[in-house]
Amino acid sequence: MLNVHRNICGYCGCCVSVCPEGALELIDAYLCVEKNCTSCGICAKVCPLGALEVVDEKPL
Amino acid sequence: MKSHYNLLIVGGGPAGAIAARTAAQKGLSSCIVEKRSAIGAPVRCAEGIGREALTEFVKPDERWISAEMKGAAIVAPDGTMMKLESAFAGNKVGYILDRKVFDRELVWQAAEAGSDVAVKTRAAAPIMEDGVVKGAKLEYCGKESRVTADVVIAADGVESKFARWCGIDTTVPVREIMSGAQYVLTDIDIDPHSTIFYLGNEVAPEGYLWIFPKGDRSANVGIGISGKKSGSGHRAKDYLDRFVQKTFSNGKPIEFIVGGVSVCRPLECTVADGLIITGDAARVVDPLTGGGIYNAMFTGRLAAQVAADCIAQGNTGKKALMAYDAGWRASKMGKSIERNYHIKEYLIKLSDEKLNAIIHSVTKLNLTEFSTLTLIKELMKVNPRLVVELGALAASLR
Chain A
1 MLNVHRNICG
11 YCGCCVSVCP
21 EGALELIDAY
31 LCVEKNCTSC
41 GICAKVCPLG
51 ALEVVDEKPL
Chain B
1 MKSHYNLLIV
11 GGGPAGAIAA
21 RTAAQKGLSS
31 CIVEKRSAIG
41 APVRCAEGIG
51 REALTEFVKP
61 DERWISAEMK
71 GAAIVAPDGT
81 MMKLESAFAG
91 NKVGYILDRK
101 VFDRELVWQA
111 AEAGSDVAVK
121 TRAAAPIMED
131 GVVKGAKLEY
141 CGKESRVTAD
151 VVIAADGVES
161 KFARWCGIDT
171 TVPVREIMSG
181 AQYVLTDIDI
191 DPHSTIFYLG
201 NEVAPEGYLW
211 IFPKGDRSAN
221 VGIGISGKKS
231 GSGHRAKDYL
241 DRFVQKTFSN
251 GKPIEFIVGG
261 VSVCRPLECT
271 VADGLIITGD
281 AARVVDPLTG
291 GGIYNAMFTG
301 RLAAQVAADC
311 IAQGNTGKKA
321 LMAYDAGWRA
331 SKMGKSIERN
341 YHIKEYLIKL
351 SDEKLNAIIH
361 SVTKLNLTEF
371 STLTLIKELM
381 KVNPRLVVEL
391 GALAASLR
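Protein sequences, first through last, are from chains A and B.
Those letters in the first sequence? Residues 1 to 60, per our numbering, in order.
Those letters in the second sequence? Residues 1 to 398, per our numbering, in order.
In case anyone wonders, no lab produced these hints; they're calculated from the structure.
Just so it is clear, the structure is predicted and the values come from calculations on it, not from any experiment.
Any given hint might turn out to be false.
[As the list claims (entries may be wrong)] Chain A stretches covered by chain B per the calculated footprint, using a threshold of three residues with CB under 8 angstroms from any CB of chain B:
hint: 1; region: 12-20
hint: 2; region: 45-53
[As the list claims (entries may be wrong)] Under 8 angstroms between C-beta atoms, here's a sample of chain A residues computed to sit facing chain B:
hint: 3; residue: L26
hint: 4; residue: I27
hint: 5; residue: E34
hint: 6; residue: I42
hint: 7; residue: E57
[What the hints assert, rightly or not] From chain B, some residues computed to sit far from chain A (all C-beta separations above 10 angstroms):
hint: 8; residue: A53
hint: 9; residue: E68
hint: 10; residue: K120
hint: 11; residue: R122
hint: 12; residue: T170
hint: 13; residue: K364
The beta-carbon is built from N, C-alpha and C at its ideal position, and this holds for glycine as well.
All chains, please: the whole structure from these sequences, using the hints.
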């Protein structure tokens, strides 16, 4: 799944523009991740700050 | 706010503001909805614009001009500097704006002309009927409302969602997003009337680093690198910090921002039934310079003009609105995007050695017109190999 490090995020929207699924939306200063995110990691790559991270989902 | 407008404009940047101002001047009802709580902030821009490009839309005003530019310089990967000066000595060639105030001025002009404005108001979804865009569902402080419109103008910037919700793929390819970061640095030694561009794979891979003066001792010091070249440990911020540490170790930052700039081709089609897409949302940024203010204002104005004609004729379908799409593509701006796209594609493939060689070819250029086109033409004169390598593109530049 995609983790947003909100203490790092500069809420610039760079990630939103490259998301092939349209799964990201920047609502004012808050980056929303929709359920259709495929954890492809493209957004994490382009983020100017490194605020996005794809992490393995651990079963509860 | 009313429940229906001729034009509903999503986004209160330069594209949206000029669309609203134009619409209001033509007697149309219009409303700008801006999701942020303030027009103009946060800034996502290096704030540079050419003199003529600016004055086509608004009279320069010291309230929102940070600095006047008289020249520029390009620095090669090996540190060699090429100076670009106006053939007309002392001529103002461009401005560095204060976007926070500039954007407010444009929206204020739109409001004064008669447009409505709403801030902290988000277009959360389009209202669609049989595939036709009819307006938008809006959210403001937890309240939802529906506003219909004859035409919706999507001017929602690089993080555009509206067009996508209407079924248009707006995804920017990874290699064609510039991942950017910028400080406003103060207390630094700079030439306050010249912009500087640093090139090279070590400095800014497939992009460039810039110093755009904001005053005698302050500047926007920023960088854009290709999304393809970005990753953990080598992001825009990493490159920028390395440069600032080396060049302006005593500089004090008063602002730090990040952002994305598309340098891809524009959207395949920038209209749909009841919808026009403008500015960064339409991906009409200049692919070579990353400059988007002029292109946003240009497309914003044209969008309102075409919408006004179509509304008067009672047809706001895609076919009628295509006059907008065809219009900007045939314009000087549209042609410049296509040409600069090819030049960008050529330049990003050059090695540092080749970039050095081109910049070594001439230490100073006096340009009759301060544009990338004139610059490329001058460079071709002193670099015959460039003409060969650019091939058909070079022929088209003459």
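Hints versus structure:
no., hint, in the structure
1, 12-20, "holds (count 9)"
2, 45-53, "holds (count 6)"
3, L26, "holds (5 angstroms)"
4, I27, "holds (6 angstroms)"
5, E34, "violated (11 angstroms)"
6, I42, "holds (6 angstroms)"
7, E57, "violated (20 angstroms)"
8, A53, "holds (24 angstroms)"
9, E68, "holds (28 angstroms)"
10, K120, "violated (7 angstroms)"
11, R122, "violated (6 angstroms)"
12, T170, "violated (7 angstroms)"
13, K364, "holds (34 angstroms)"
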